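Q: Going line by line, the protein sequences match chains S and A. For the first sequence, the residue numbers in the working numbering are -6 to 278. For the second sequence, the residue numbers in the working numbering are 13 to 346.
Hints listed in this document are in silico derivations from the structure and should not be mistaken for laboratory results. Because the structure is a prediction, the values reported are computed rather than measured. All C-beta atoms, glycine included, are put in the ideal place defined by N, C-alpha and C. Only true hints are included.
Simulated coverage check for chain A against chain S, where a stretch passes if three residues somewhere in it have a Cβ under 8 Å from a Cβ of chain S:
id	region
1	38 to 51
2	62 to 69
3	181 to 194
4	199 to 205
From the derived model, a few chain A residues whose C-beta atoms are all more than 10 Å from chain S:
id	residue
5	V165
6	F333
7	F334
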Amino acid sequence: MGVLSRVVAAVSALVFAPAASVPAIAAEPPHRVVSMNVCTDQLAMLLAGEGQLYSVSYLASDPSASVLAGEAGRYAVNHGLAEEVFLMSPDLVIAGTYTTRTTVALLRRLGFRVEEFAPASSFADIREHIMRMGEILGRQEKAFELVAQMDAELAELRAQPSSGKTVALYYANNYTSGAGTLVDETVKAAGLVNIADKLGMQGTSQLPLELLVLEKPDLVVTSEGEYAAPALAEQGYVHPAFKALTGGRKAVNVPSKYTICGAPFTLEAVRIMRDAARTQEGKTQ
Amino acid sequence: MIETARYRLLLGLLAAAAIILFVLSLTVGPAAIGFGESIAALFDSKEAGPLALIMQEIRLPRAILGLMIGATLGLSGAVLQGYLRNPLAEPALLGISATASLGAVLAIYTGFSLVFPLGLPLAALAGAVVAVIVVQAMAGMRGGALTIILAGVALSSLAAAMTSLALNLSPNPFAALEIMFWMLGSLTDRSMTHVWLAAPFMVVGWAMLASVGRSLDTLTLGRDAAASMGVDLRRVQLLAVLGTAASVGAATAVAGAIGFVGLVVPHLLRPFVGARPSRLLPASALGGACVLLAADILVRVIAPGKDLKLGVLTAIVGAPFFLWLVYRTRRNLL
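When you get a sec, could you build the whole thing from the sequences and use the hints?
A: Right under this line is the structure:
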């Protein structure tokens, strides 16, 4: 019965009130915002005014995916389902361009205002996303502040001398990030050379263990140990050839939560890599 | 006499093919290393450089496992076909590989095998034993060839479903993606650790399976006749069951379930050995090794970088063969 009544409500909303609930670019900022994507969740949490953000996705409180997991508890939780978002009656829904496609289509048909954000693949994207989120939420000033601060920190990091050391990104299931990814940008900002670029790899693709061993990078960056339960995906990290490559030293662990989503905290990944390169330099000299 | 000479020639040819494929397997991989260079690196000291590391820690274990797992599948297929006197018997079709997978999955994803590494092959062995006992019970109840295969189908589906369930329930998001590995099998990036873990169980299993060859010859005359000729049926049963479980269990624990090799190879070789099970066993072991090494070379050549699963190739060849076999033998089966 519950489902039926919700369907009836949805249909009647579709039939009777399509025009009324589609505001043109709102003169007044939205005051009940629902975000359905872990990246927009975090940008909204950074920018929204008091009481403006109503709900974030369940991933926002997952410490392995979200940097702001601690703060996510203050908001209602959604799972990106049309029904649950509908019942929250938001005046703005924010989503990613790749996930919850059917939900977005349905919510639009029901007359909700939905704003979509593509995943960030560069610092320029992050800048743009922060500014756009600020505009949507009517928080331009705060957005401007965040961007200025991020740019200052980034400039400071880039101004440091680059070590030119080679680095291999080696994630679960042998995945690596090549040209055109946010991770690749952080590697460059850290003054390092990504071996995936040397091998001509584009985007996220698999780097066979053999090639990793052959390239002999100075640093290996992993994101191991993010999940308590074991999986074969992380077996690469215990392979004798991998262990011989890192020479008993632990690989540099850059938690993927810093690079899954582009935000000011992505600079943390740059810092970790830069520090690791410096530590290694100190040891070899 | 001529027959014996022909048999020896066959074994010699198969062994030569296995050696050639073993060496080829060592020289195929994403890192483009020349043939001479790679063989030289195989014997270098490990500190010599990345080439030695690649050859000794990545490609060598892969080739060894290909050889041993192929031999396991060929040998156990031949024994099961002879012992159950069923042309359609083989570890994967009877559900033995699938239940071994389930055992291995439970050991790995609960973290048990991290604490106790031997737990992995032992759990897979336990899974395999369950399947062999179920199949055995079905065969014992005057079950025809079809009954056994149907029991195997049911067992496979159940084990596959339970494997999927266990992997989907894992809090690690990667676990669910690994269903493919456990259902189709792969030798990508296995290590010497896997070889040491699985090899003892496989060797013990082979010894058990090889020892039933003579009894299988007598069994071709029928169970009663064999018993009256002094064959200890209970002993044969124990050796066939435990030998299959130990070798297939260990093979599945490190490489996932690989189908059809155990079905196709004995059938292809039977005409050459004069339909004598004791002669078919060594030939099938060598033939299985050739087939699996060839399949493992092909997955790397056909789709480099795509991590194609072995079971995809073995099924493309094996499933039509199975259908043909069913078609040809259906008069006897029904």
